[in-house]
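Participant: One-letter residues, chain by chain:
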Amino acid sequence: MGFEQFGIISFTGVTKTEQFVEFLKNNELRGTACKSCGAKFFPPRSDCDKCLANDMDWFSITGEGTLITYTKAMYAPAGFEKDVPYVLGVAEFSDGIKVFGRLDKSLPDDAIKAGMKVIVRILGLEDDRLSYELTAA
Amino acid sequence: MPKVAVIGVGQSAFVRAYPGSIRELAFEAYREAMHDAGIKAEQIDASVVCSAPEYDKQRTPAGLMAEYLGLNPQPTFYVESVCSSSSSGLRTAYALIASGLHDVVMVLGFQKMSEISSAESQERMGRGADIQWEAPFGTMMPAYYALHARGHFEKYGTTEEDLALIRLKSSTYGLINEKAVFRKELSLEKILEPKFIATPLKVFDCCANADGSSCLILASEEKAKDLCRKPVWIKGLGMATAPINMAGRDSFSGLKCAQLAAKRAYDMAGITPQDVDVAEVHDCFTIAEMMAYEDLGFAEPGQGPQLIRSKETYKEGKIPVNVDGGLLSKGHPIGATGGSQIRTIVLQLRGDAGPMQVPEAKIGLVHNIGGVGIYGNVSVFGTE
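Residue numbers (the working numbering), protein chains in the order written: chain A, 1 to 137; chain B, 1 to 384.
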């Protein structure tokens, strides 16, 4: 199993960044950094659009980030119906790295605010699937 | 740059479920545009066909349409940029004519969205965003625009009531547009009922899916003067793109692609936002129209709410916006939407917009966005 293990439903089977899933298994969220020019990417890329190189290192996204925006979805697309409602958001971490994902379901509505400090948490889902979420720091 | 004109426009009624096939749906807009232009099929040198392919069971619809509309053996091909497909079609047709390759080119937009369920359609629409890194979380268009609504609220203090005012305006004009899918009067109270789709967006902040078609006929200056009594000229075309992934966005209070497309269109037309007499903007959600006010320069960043509170975007205001009801009331058949917006502006500039007419409109603008700000098309039209 490779990248199709990522998320609740994966729409991508094969990618050169599938090592991403191995890092999730080790409880780490990682992006890529270009070995030639140092550009950092999240979500991870296997090709650098800045210098055209294709040799990447992996870096960990750790520490506290800041929630920039969020929404509580009351409806879901096909295949995700059983999860509603769920909160989607974007948070910014160090070096301007932004992370899109769901927020921890146990957070009460009034605890979720733009500007709140968040951390990344890796999630093990049913059927050996893996994902990550944002939760309060 | 050689001049290019729109010499014919047509649109089907936008409806919840069209009782016919896609070729028949397309023919409705085609028939109206051909009557409008007063030309015959053999006078069309080429056609550009636009839709969002994920809804089409038919593969390669351009070939089908060319046959059914009677446009064989002239060239035809397909252009797609999701919700802004037919504005991208306009851009393509303009280039075909300005280059001298063709004299008369048709842009046909269509979408029959009723063939699949709403949840299926949300899932397919959601796949108009990044399927590798975002769709695994369960994404859909209302949630993406809701992230921008929250961004605008946080940065500028915009409220749900401000967004409701935009829907109120839309329903006012939807009522008088015979081709709109939603023609009910709405009260502010009704719009503000807390039926959330993706907070802070509620059911009336979202446009409805619809089936529909649109058709534009473009011509070179020489042909336009020969064939058309009231040609409407393409004055400026701006297009820009922005990252598909939300993690690539610098801002959630506006759409960068729209800001850049607007600048390019204004520069090409040699005008400023204040010169625009009437505009059609891509209000797939109320927040999208709010951001458009600012992205197009009708209001300073953060001043969009003031523009709608003071009713300046009503027909009598300083910059009338979506006085045909917009996507919110007309409905949003993806591939047909841009052509429908352009049709409205062409009718306005000709003085043929009936009860929706903005008096003495000379310069009109169309803002048509694909995906959540992936593709931005801004087009400026004029009477001269």
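Worth double-checking, as some hints may not be accurate.
Think about it this way: if two alpha-carbon atoms lie no more than 25 Å apart in a straight line, the pair counts; the simulated BS3-like pairs of lysine-lysine are [to be verified]:
id, chain 1, residue 1, chain 2, residue 2
1, B, Lys315, B, Lys225
2, B, Lys263, B, Lys225
3, A, Lys98, B, Lys256
4, B, Lys179, A, Lys50
5, B, Lys195, A, Lys105
6, B, Lys225, B, Lys40
7, A, Lys82, B, Lys263
8, B, Lys40, A, Lys117
9, B, Lys362, B, Lys3
10, B, Lys179, A, Lys98
11, A, Lys113, B, Lys155
12, B, Lys230, B, Lys155
13, B, Lys263, B, Lys195
14, A, Lys113, B, Lys315
15, B, Lys256, B, Lys179
16, B, Lys179, A, Lys40
Part of the chain B face toward chain A, derived, beta carbon under 10 Å [claimed, not checked]:
id, residue
17, Gly63
18, Leu64
19, Glu193
20, Ala247
If you are wondering where the hints come from, they were derived from the structure by calculation, not from laboratory data.
None of the values given here were measured: they were computed from a predicted structure.
By construction, the Cβ of each residue, glycine as well, lies at the ideal position given by its N, Cα and C atoms.
Participant: Within 25 Å, alpha carbon to alpha carbon, are B:Lys362 and B:Lys3?
Facilitator: 17 Å, holds
Participant: What's the verdict on B:Lys263 and B:Lys195, does the C-alpha distance respect the 25 Å limit or exceed it?
Facilitator: 37 Å, violated
Participant: Would the hint linking B:Lys230 and B:Lys155 be met if the CA-CA limit is 25 Å?
Facilitator: 45 Å, violated
Participant: Given the proposed pairing of B:Lys256 with B:Lys179, does the C-alpha separation stay at or below 25 Å?
Facilitator: 31 Å, violated
Participant: Against the 25 Å threshold, does the CA-CA distance of A:Lys82 and B:Lys263 hold or violate the hint?
Facilitator: Violated - the C-alpha atoms of B:Lys263 and A:Lys82 are around 44 Å apart, more than 25 Å.
Participant: Please work out if B:Lys179 and A:Lys50 have their alpha carbons no farther apart than 25 Å.
Facilitator: At roughly 48 Å apart (the allowed maximum being 25 Å), A:Lys50 and B:Lys179 break the hint.
Participant: Take a quick look at whether B:Lys40 and A:Lys117 sit within 25 Å of each other, Cα to Cα.
Facilitator: 64 Å, violated
Participant: Less than 10 Å between beta-carbons is the criterion; does B:Gly63 satisfy it with respect to chain A?
Facilitator: With a closest approach of 28 Å, the B:Gly63 hint is violated.
Participant: Take the C-alpha atoms of B:Lys263 and B:Lys225, compute the straight-line distance between them, and say whether it is at most 25 Å.
Facilitator: Violated - the C-alpha atoms of B:Lys225 and B:Lys263 are around 29 Å apart, more than 25 Å.
Participant: Is the hint on B:Ala247 kept, meaning its closest Cβ partner in chain A is under 10 Å away?
Facilitator: Given a least distance of 4 Å, the restraint on B:Ala247 holds.
Participant: Straight-line Cα separation of B:Lys315 and B:Lys225 no greater than 25 Å?
Facilitator: 30 Å, violated
Participant: Would you check the hint for A:Lys113 and B:Lys155, treating anything up to 25 Å between C-alpha atoms as holding?
Facilitator: Status holds; Cα separation ~13 Å.
Hint compliance for this structure: hints 1, 2, 4, 7, 8, 10, 12, 13, 14, 15, 16, 17, 18 and 19 are not met, and every other hint is.
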